[in-house]
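Q: Listed below, chain by chain, are the residues.
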Amino acid sequence: MFTEASLAILLIMALTLWRAVKGPTVYDRILAVNAFGTLTVLLIAVFGFLTERPEFLDIALVYALINFIGTIAVCKYATFAHLGGPLDQVDWDDV
Amino acid sequence: MSALVVDFLSWILLLAGTAFALTGAIGIIRLPDVFARMHGAGMIDTLGAALILLGLMLQAGPTLVTVKLLLIGVFLFFTSPATTFALARAALAAGIEPAVEDKTAGGTVAKAAEAAAAKEGDERS
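Respectively, the protein sequence lines represent chains U and W.
Quick note: the first sequence uses numbering that gives the first Met the number 0, first residue 0, plus one each step.
Quick note: the second sequence uses numbering that gives the first Met the number 0, first residue 0, plus one each step.
Certain hints may be false.
Computed beta-carbon distance windows for the label pairs [stated by the list, open to error]:
no.	chain 1	residue 1	chain 2	residue 2	range
1	W	Ala2	U	Val61	45 to 55 angstroms
2	U	Leu49	W	Lys118	26 to 36 angstroms
3	W	Arg88	U	Leu10	40 to 50 angstroms
4	U	Arg52	W	Ala98	17 to 27 angstroms
5	U	Leu9	W	Val73	18 to 28 angstroms
6	W	Ala117	U	Asp57	28 to 38 angstroms
7	W	Ala117	U	Thr2	27 to 37 angstroms
8	U	Glu3	W	Ala117	43 to 53 angstroms
9	W	Ala2	U	Ala72	39 to 49 angstroms
10	U	Thr39	W	Ala15	34 to 44 angstroms
11	W	Ala98	U	Thr50	40 to 50 angstroms
12	U	Pro23	W	Ala2	21 to 31 angstroms
13	U	Glu54	W	Lys118	21 to 31 angstroms
Quick partial rundown of chain U residues pointing at chain W, CB under 10 angstroms, derived from the structure [stated by the list, open to error]:
no.	residue
14	Phe1
15	Glu3
16	Ala4
17	Ile8
18	Trp17
19	Lys21
20	Val25
21	Ala34
22	Leu41
23	Phe48
24	Thr50
25	Asp57
26	Leu64
27	Phe67
28	Cys74
29	Thr78
By construction, these hints were calculated from the structure, which means they are not laboratory data.
Heads up, the beta-carbon is just placed ideally off N, CA and C, and yes, glycines get one too.
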C-alpha cells in the first residue's frame, strides 16, 4: 500500500518538476517548486510508514517549515531583487 | 476484522489523495498562466495532502504519530494560502497580466483569440 502511494507521489513530483523546468516565467517555477516541496513532505511521511520508522515525520514537519520560509524568501527576492526590499523606500521610523 | 476495515479505509484515502494530487499536477502543467496554475497547486496543498495524511493517520492509530501527522496537516493548511498569496502578489507586482475573460471588444482575451485564430488559419493554409 505505501509502496504504491510513494511511487504515485514520485510520479506527481516528476510532473511538477516538468513545469519547474519548462515554466515561462520565474513565478511558474516558484509555484512548481512549492508544490514539489509539499509533495516531498508527503513522500517523507509515507516513506516513514513504508520503512516503519515514524521518526521520519519529524523530518517532514521541519521540511514543511523550511519549504514555507524558502518560498516566501524567493518570492520576495524575485519581487525586489533584494531580500530586504528597496532601501530608499524603507520608512526607518517603522523598523 | 476491524484491522481489515481500517486498512481498506486508509487505502481508499491514500488512493483518493494521490488522485487529487495527480489532478493538481496535471493542472499545473496544462493550465494557461501562472494565476490559473495556482488552482492546481491548491489541489495538491489541500485535498491531496489532507487525504494522504488522513490515510496515514488511520494506519497509525491513536499514538504520537497521529499528532505529528495532524501538526503537518495544520501547518500545510495555514501556509499554503500564505505562499499562494505572496506568489500572486509578486507576480502582479512584476506586471504579469491574468488572462481574464472580458466580454468587451478589443480586450486582452479578444486579442488573444484573434491571434490564436490567425495562427490556426496560418497552420491550415
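Q: Confirm or reject each hint.
A: Hint-by-hint comparison with the structure:
Taken as a hint, the range 45 to 55 angstroms is violated for the pair W:Ala2 and U:Val61, whose Cβ atoms sit roughly 31 angstroms apart. At roughly 48 angstroms, the beta-carbon separation of U:Leu49 and W:Lys118 lies outside the given 26 to 36 angstroms, and the hint is violated. Restraint check, W:Arg88 to U:Leu10: a C-beta distance of roughly 31 angstroms breaks the suggested window 40 to 50 angstroms. Evaluation of the 17 to 27 angstroms hint for U:Arg52 and W:Ala98 yields a failure: the beta carbon distance comes to about 46 angstroms.
For the pair U:Leu9 and W:Val73, the beta carbons lie near 25 angstroms from each other, so the given range of 18 to 28 angstroms is met. The supplied range of 28 to 38 angstroms is broken by W:Ala117 and U:Asp57, whose beta-carbon atoms lie about 57 angstroms from each other. Range check, W:Ala117 to U:Thr2: Cβ separation about 50 angstroms, and the 27 to 37 angstroms hint is violated. About 47 angstroms separates the C-beta atoms of U:Glu3 and W:Ala117, a value consistent with the hinted range of 43 to 53 angstroms.
W:Ala2 and U:Ala72 have their C-beta atoms about 45 angstroms apart, which keeps the hinted 39 to 49 angstroms range intact. A hinted range of 34 to 44 angstroms for the beta carbons of U:Thr39 and W:Ala15 is inconsistent with their spacing of about 20 angstroms. Look at W:Ala98 against U:Thr50: about 44 angstroms separates their beta carbons, and that is inside 40 to 50 angstroms. Judged by the Cβ atoms, the range 21 to 31 angstroms given for U:Pro23 and W:Ala2 is violated: they are separated by roughly 50 angstroms.
The hinted range of 21 to 31 angstroms is not satisfied by U:Glu54 and W:Lys118, whose Cβ atoms lie roughly 55 angstroms apart. With a least beta-carbon distance of about 8 angstroms to chain W, the hint placing U:Phe1 at the interface is held under the 10 angstroms criterion. For the restraint placing U:Glu3 at the interface with chain W, the shortest Cβ-Cβ distance is roughly 8 angstroms, inside the 10 angstroms limit, so the hint holds. For the restraint placing U:Ala4 at the interface with chain W, the shortest Cβ-Cβ distance is roughly 5 angstroms, inside the 10 angstroms limit, so the hint holds.
The criterion of a C-beta within 10 angstroms of any C-beta in chain W is met by U:Ile8, whose closest approach is roughly 7 angstroms, and the hint holds. For U:Trp17, the interface hint holds, since its Cβ comes within 10 angstroms of a Cβ in chain W; the closest pair sits about 6 angstroms apart. About 8 angstroms separates the beta-carbon of U:Lys21 from the nearest beta-carbon of chain W, less than 10 angstroms, and the hint is met. The interface hint given for U:Val25 holds, since its Cβ lies 8 angstroms from the closest Cβ of chain W, which is under the 10 angstroms cut-off.
A least Cβ separation of about 5 angstroms between U:Ala34 and chain W falls short of the 10 angstroms threshold, and the interface hint therefore holds. Hint status for U:Leu41: holds, given a least beta-carbon distance of 5 angstroms to chain W, under 10 angstroms. Satisfaction of the interface hint for U:Phe48 is found here, the shortest Cβ-Cβ separation to chain W being roughly 6 angstroms, below the 10 angstroms cut-off. Given hint, U:Thr50 at the interface with chain W, is violated; its Cβ is 13 angstroms from that chain's nearest Cβ, farther than 10 angstroms.
Hint on U:Asp57 holds. Least Cβ distance to chain W is approximately 7 angstroms, under the 10 angstroms limit. The restraint placing U:Leu64 at the interface with chain W holds, with a minimum CB-CB distance near 7 angstroms, inside the 10 angstroms limit. For U:Phe67, the suggested interface contact is upheld, since its CB lies about 4 angstroms from the closest CB of chain W, less than 10 angstroms. A distance limit of 10 angstroms between C-beta atoms decides the matter here; for U:Cys74 the minimum to chain W is near 4 angstroms, and the interface restraint holds.
At its closest, the beta carbon of U:Thr78 sits 4 angstroms from a beta carbon of chain W; the interface hint therefore holds under the 10 angstroms criterion.
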